[in-house]
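Residue numbers (the working numbering), protein chains in the order written: chain A, 170 to 458; chain B, 170 to 458.
If you're looking for bench data, these hints aren't it; they were derived computationally from the structure. Don't take each hint at face value.
A pair holds if it fits inside one copy or across any two, identical chains being indistinguishable in the list.
To be verified - Computed cross-link-like contacts, DSBU-like style, restricted to lysine-lysine with a CA-CA straight-line distance of at most 35 Å:
| id | residue 1 | residue 2 |
| --- | --- | --- |
| 1 | Lys-434 | Lys-302 |
| 2 | Lys-383 | Lys-302 |
| 3 | Lys-204 | Lys-383 |
| 4 | Lys-401 | Lys-434 |
| 5 | Lys-366 | Lys-204 |
| 6 | Lys-428 | Lys-204 |
| 7 | Lys-208 | Lys-401 |
| 8 | Lys-401 | Lys-383 |
| 9 | Lys-428 | Lys-383 |
| 10 | Lys-208 | Lys-428 |
| 11 | Lys-428 | Lys-401 |
| 12 | Lys-302 | Lys-366 |
Protein chains: 2
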Amino acid sequence: MSEQTSADSGPRAPALPSPHIQQEISNRIQERLSKIRHKIIVLSGKGGVGKSTVTANLAAVLAKRGYSVGVFDYDFHGPAMARMLGVLGQTLQAFPLGIFPATGVLGIKVVSLAFLLPDEKTPVIWRGPLKAKALVELMSSVVWGELDFLLFDLPPGTGDEALNIAQNIPEVDGAIVVTIPSVVSAVAVEKSAEFCKQLNIPLLGVVENMSYFKCPRCGLVAEIFGHGAGEKIAEEEGVRLLGRLPLDPDVARCMDEGKPVVICKPESESARALEEIVEALLDLLSVSR
Amino acid sequence: MSEQTSADSGPRAPALPSPHIQQEISNRIQERLSKIRHKIIVLSGKGGVGKSTVTANLAAVLAKRGYSVGVFDYDFHGPAMARMLGVLGQTLQAFPLGIFPATGVLGIKVVSLAFLLPDEKTPVIWRGPLKAKALVELMSSVVWGELDFLLFDLPPGTGDEALNIAQNIPEVDGAIVVTIPSVVSAVAVEKSAEFCKQLNIPLLGVVENMSYFKCPRCGLVAEIFGHGAGEKIAEEEGVRLLGRLPLDPDVARCMDEGKPVVICKPESESARALEEIVEALLDLLSVSR
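Based on the provided sequences and hints, a complete structural model is requested.
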């Protein structure tokens with residue numbers, strides 16, 4: 170990816186030992202990912218918009234439909250993904266051939282940085298270059314095998330971490346940007362769209378999360394986090410608004426129980442909206458069903 | 170700060186030009202902050218829990234009570250704070266004496282990294298060492314003058330950015346940790362408590378944000394993001410739960426209008442809860458009123 174960006178305004182490659190080793194690692198990553206049909210990255214301009222929740226649930230919907238799915242979770246600061254996909258406490262299996270992912274709900278293969286932490290509470294106070302190196306090394310070591318879909322849950326924002334990962338994934342099909350509906354968030358998320366352009370990654374569409382809350386007693390619809398950011402971004406970037414997801418107590422409840430909402434509450438409004446997002450995604454990728 | 174941490178397990182100082190220059194910068198930071206009575210950092214284990222919203226509102230409550238207040242906003246990835254405190258579009262004034270903060274609502278002095286971005290949409294794809302250097306330089310250049318309170322809104326998480334800033338602030342009174350109520354978030358936020366211990370920063374207490382939504386039509390209270398993380402963390406860490414803030418559409422609405430909710434909706438439940446948090450904080454700091 171890095172060769173395609175301009176030398177002045179674009180991002181640079183991370184400080185790796187030498188161009189030679191870097192090329193070798195890059196070749197190894199390419200080989201490791203060679204049997205994966207669709208590579209999609211999920212990003213957001215800011216944290217806490219539910220990026221990991223959306224990723225876990227999209228993976229679960231795809232797996233429910235019979236696709237083979239993997240998730241590469243790059244969130245250093247919390248084990249949310251591992252918890253949601255039911256692999257918390259599992260470890261990665263290292264063999265001479267490489268590192269094998271853990272297997273979560275519905276057979277989803279998961280590599281989470283949470284596996285690399287000594288325990289849930291330890292903060293990752295890693296210095297940048299060390300972290301960048303470790304991430305790229307890890308990418309070059311995972312034995313995914315054959316997969317229909319591999320979802321990359323990038324760290325929030327458009328900083329070093331997200332950059333470093335995104336530019337090391339070869340032939341990405343595209344990116345999904347997750348936002349919440351407030352104007353303030355829209356601004357942050359637009360940066361992700363810009364980030365994709367700079368890295369030559371096609372933007373597939375926008376998912377608006379936490380769009381509204383429907384009172385279960387009286388049916389009142391409250392737009393707690395404002396209105397319209399998803400539509401606004403999609404329009405500005407000329408892409409599709411893939412869907413709007415409600416604020417749903419079941420999402421947090423299922424997550425805390427170690428399951429994505431599409432599995433533990435398949436009839437919920439959230440689950441139905443997620444199914445529709447996957448439909449839109451399969452359309453965009455021209456996947457035959 | 171960095172001298173107080175152990176060489177093996179603790180964080181390291183950032184890669185600055187030389188120990189000599191580093192000492193000089195550190196002295197300058199100390200001098201710049203010498204007339205500030207209380208320095209408080211606000212942190213969270215993950216993004217999107219409303220850390221900036223809480224910080225802006227605490228600053229506004231303090232300012233309403235007649236204290237002189239400053240906010241140092243370190244969020245690289247979005248201009249939320251600048252927007253909320255009504256300084257978006259303003260710039261920092263650079264003079265031979267140093268850099269002067271912008272002045273927001275109620276005379277709150279604001280230095281936001283958003284001021285350093287060419288426009289709202291540009292992503293900050295800065296490389297770590299460059300960023301660390303720029304941040305420390307900026308810290309050593311701001312002319313805050315005399316203040317009762319300076320709030321540092323750290324970047325989310327316990328990574329390089331937060332570390333780098335926290336260890337460069339001398340004599341911090343303490344830290345407030347912001348969380349949302351779900352178990353998954355609690356785990357991430359506990360890391361912040363751990364982070365404080367490692368940096369020898371006293372943990373003042375926990376603010377639970379987005380605790381519940383009260384339906385404005387029927388009065389139903391929905392715990393959309395789960396329950397109990399704030400209490401759990403406070404108990405585990407032996408500190409006070411400073412307060413629980415409701416999910417409130419007015420918060421996003423006021424923010425989008427460029428005002429903290431305690432100013433634009435001073436009679437709201439949110440505003441009252443924020444006032445109580447400030448009361449608790451003043452108690453903890455033994456500030457005479």
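Status of the hints after comparison with the structure:
no.	hint	result
1	Lys-434 <-> Lys-302	neither (40 Å within a copy, 48 Å between copies)
2	Lys-383 <-> Lys-302	neither (45 Å within a copy, 47 Å between copies)
3	Lys-204 <-> Lys-383	neither (42 Å within a copy, 49 Å between copies)
4	Lys-401 <-> Lys-434	both (30 Å within a copy, 27 Å between copies)
5	Lys-366 <-> Lys-204	within (26 Å within a copy, 45 Å between copies)
6	Lys-428 <-> Lys-204	within (27 Å within a copy, 51 Å between copies)
7	Lys-208 <-> Lys-401	within (26 Å within a copy, 39 Å between copies)
8	Lys-401 <-> Lys-383	both (22 Å within a copy, 28 Å between copies)
9	Lys-428 <-> Lys-383	both (22 Å within a copy, 27 Å between copies)
10	Lys-208 <-> Lys-428	within (23 Å within a copy, 41 Å between copies)
11	Lys-428 <-> Lys-401	both (31 Å within a copy, 22 Å between copies)
12	Lys-302 <-> Lys-366	both (24 Å within a copy, 27 Å between copies)
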